[in-house]
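Produce the complete structure using the sequences and hints provided.
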Amino acid sequence: MTTEESIKSNKDDEKFNDDRINIPVIKYFWQASPLAGSKSTSINKFLRKISCFDHFSDFELYTFSKFLHLRNYAPQEIVFKEGDGGFGFYLILDGTIDIFTKHSSISADDELNLITQLSKFDYFGELSLLEQQNRRNATAITAKNATLLTIYKPDLEELIERSPVVGAKLLQGLSTIVSKRLNAIALELKLSKEKIKKLEENANKEEV
Amino acid sequence: MQIKKKYKGNTYRLIFFASIVLLIFGVFFNLSRIMIPFGIAYILSLMIQPLRRSLYSVSLRKKTLSVLMAMVVGFMFFYPVVQGIKTISDEAHKIEYYLPKLERYLREKYSSFEKEVYDRFNYEITTNPVDKLVEFGQMSTKSVFIYLPAIVTSLLEWGFIIPLFLFFILRDGRKVRFRFLKLVPNNIVERTYYLFHQFNTKFGDYIFAKFIEAAIVGTVITTGLLIIGYPFAFLLGVVAAITNILPYIGPIVGFLPAVIIGLVDQNPNTTMGAMVLLYVIANVIDLALVFPILVSKIVNLHPMVVVLSVILGSQFAGIVGMIISIPMAAFFKLLFIELYRELYSDSYSS
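Going line by line, the protein sequences match chains A and B. Under this note's numbering, residues 1 to 208 are what the first sequence spells out, in order. Under this note's numbering, residues 209 to 558 are what the second sequence spells out, in order.
Incorrect hints may appear among the rest.
What the hints assert, rightly or not - Each computed BS3-like pair below joins lysine-lysine, with the alpha-carbon atoms no more than 27 Å apart:
#, chain 1, residue 1, chain 2, residue 2
1, A, Lys81, B, Lys541
2, B, Lys340, B, Lys350
3, A, Lys81, A, Lys120
4, A, Lys81, A, Lys144
5, A, Lys66, B, Lys390
6, B, Lys390, A, Lys81
7, A, Lys45, B, Lys383
8, B, Lys383, A, Lys66
Claimed, not checked - A few chain A positions that, by computed beta-carbon distances, are all more than 12 Å from chain B:
#, residue
9, His69
10, Leu118
11, Thr176
Since the hints were made in silico from the structure, they are not lab data. Computed from a predicted structure; not experimentally measured. For every residue, glycine included, the Cβ atom is placed at its ideal position computed from N, Cα and C.
Written as structure tokens, this is what we have:
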């Protein structure tokens, strides 16, 4: 190596050293080590397994995880009730959640209808982040001890301001969930209409 | 299935959470030396939210931003205090010259009024309110000068403490909020967070909007008074800006000193008509443009509620109470709506 070249390489080194060290990235790589087993890394690994975060990079998941609240629930504890104002999106880190709806929206009785049971890696309450004044359309009750990760609306707003890319990706993920559900409902509606039509035709034939 | 079982843990958590909140408030309200600078720092942190948002968009890191904001606020406190000592002494000299003038003017007017009453109704007024007024004025001026060193000392103390509090609120605010939310029982966490967020947003936006509104009114009045060559243009502009923060009565209170100066200063160059027109224009700009665009969207309250809340605010906490009463009223309205929904809605709890 000539003297000129060595001076140039030294200058390059100096330039490299002058660059600002990004502490959060170093912290992330440190925590992402397979040997490390902190709570934040286990949350990142958990988030990686959820379908709506498929398009998140590892660092984006790490950024997103900093806006999540970890909450523990006892068995038979109400997470939210039908008709309540919705403000949070829940991810099931551990445990089982029963989702109920009222028998009829008109009746005032307390009878509930179990519609589904959600377990680890499932999520619910996503509409509350998308709608301005959301009202819960079902009741969520823990079937056994549960640990939930939650993102509330103000945190989403802060996430969008602080990390617009992560915020946009989260909203994209939520929109995908909603569009999938809408498609499923549309298909269900189509099938129901066809069934009704057939039943009507059969009834007409019988009358004739 | 029926929801009959009530998870008892939430009741204990609620009691614990309410005790913690009461304890914090109790300590704060009994330690005014901490409460006032902390309250100001908190309001400042809410006020600079819009600025924070725009600075985040240029990828400024949170710690850098916190240091920057603390420095700006520190400078904003120190500069006026240091500069203010000179201005106060200058203005005090001017007041020394103006107060006897005001006294003479009041005595002249009062004696002519007394004479007129005697001529018309043959009745002699024995009491002299001007003496009492002058005595009150002298006492007030004296008390201001007695308390001035204490005020300057506390302002300098605030100059250190407020930027420090602001720095920590900006840097660790989210962390503290997250930890505090862990104490909230599961069944009310969403509503508590929603109300807390609404309170912060309304409060910060309202104070920020009022600050902008006051700055606009102050600038219009100062510039206008300088153009028409009215005395005390800067001081009157500042008074108009500060009093403008008070709704409804603020513009009138801000207008009175200008009228008094105009009456006392019997200078042929002093144009009272132009001054009155200027105050009218400034308030029309405020009422027709600034208020509807900036303030009214933030707090959607009935004018009667606004007036009542300002009166109540002034009774409990003086001028500060008058300023914060409107966002507080907006918050209580929101709280009332939420409680009403909870108690009277047709959900399962009913």
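Taking the hints in turn, this is what the structure says about them:
1. A:Lys81 <-> B:Lys541: 23 Å, holds
2. B:Lys340 <-> B:Lys350: 15 Å, holds
3. A:Lys81 <-> A:Lys120: Judged against 27 Å, a Cα distance of about 21 Å means the pair holds.
4. A:Lys81 <-> A:Lys144: Holds, at roughly 17 Å.
5. A:Lys66 <-> B:Lys390: 15 Å, holds
6. B:Lys390 <-> A:Lys81: It holds: about 20 Å lies between the C-alpha atoms, which stays within 27 Å.
7. A:Lys45 <-> B:Lys383: 22 Å, holds
8. B:Lys383 <-> A:Lys66: With a Cα-Cα distance of about 10 Å, the restraint between lysine 383 of chain B and lysine 66 of chain A holds, given a limit of 27 Å.
9. His69: 6 Å, violated
10. Leu118: 16 Å, holds
11. Thr176: 24 Å, holds
The structure fails to meet hint 9 from the earlier list, while all remaining hints are met.
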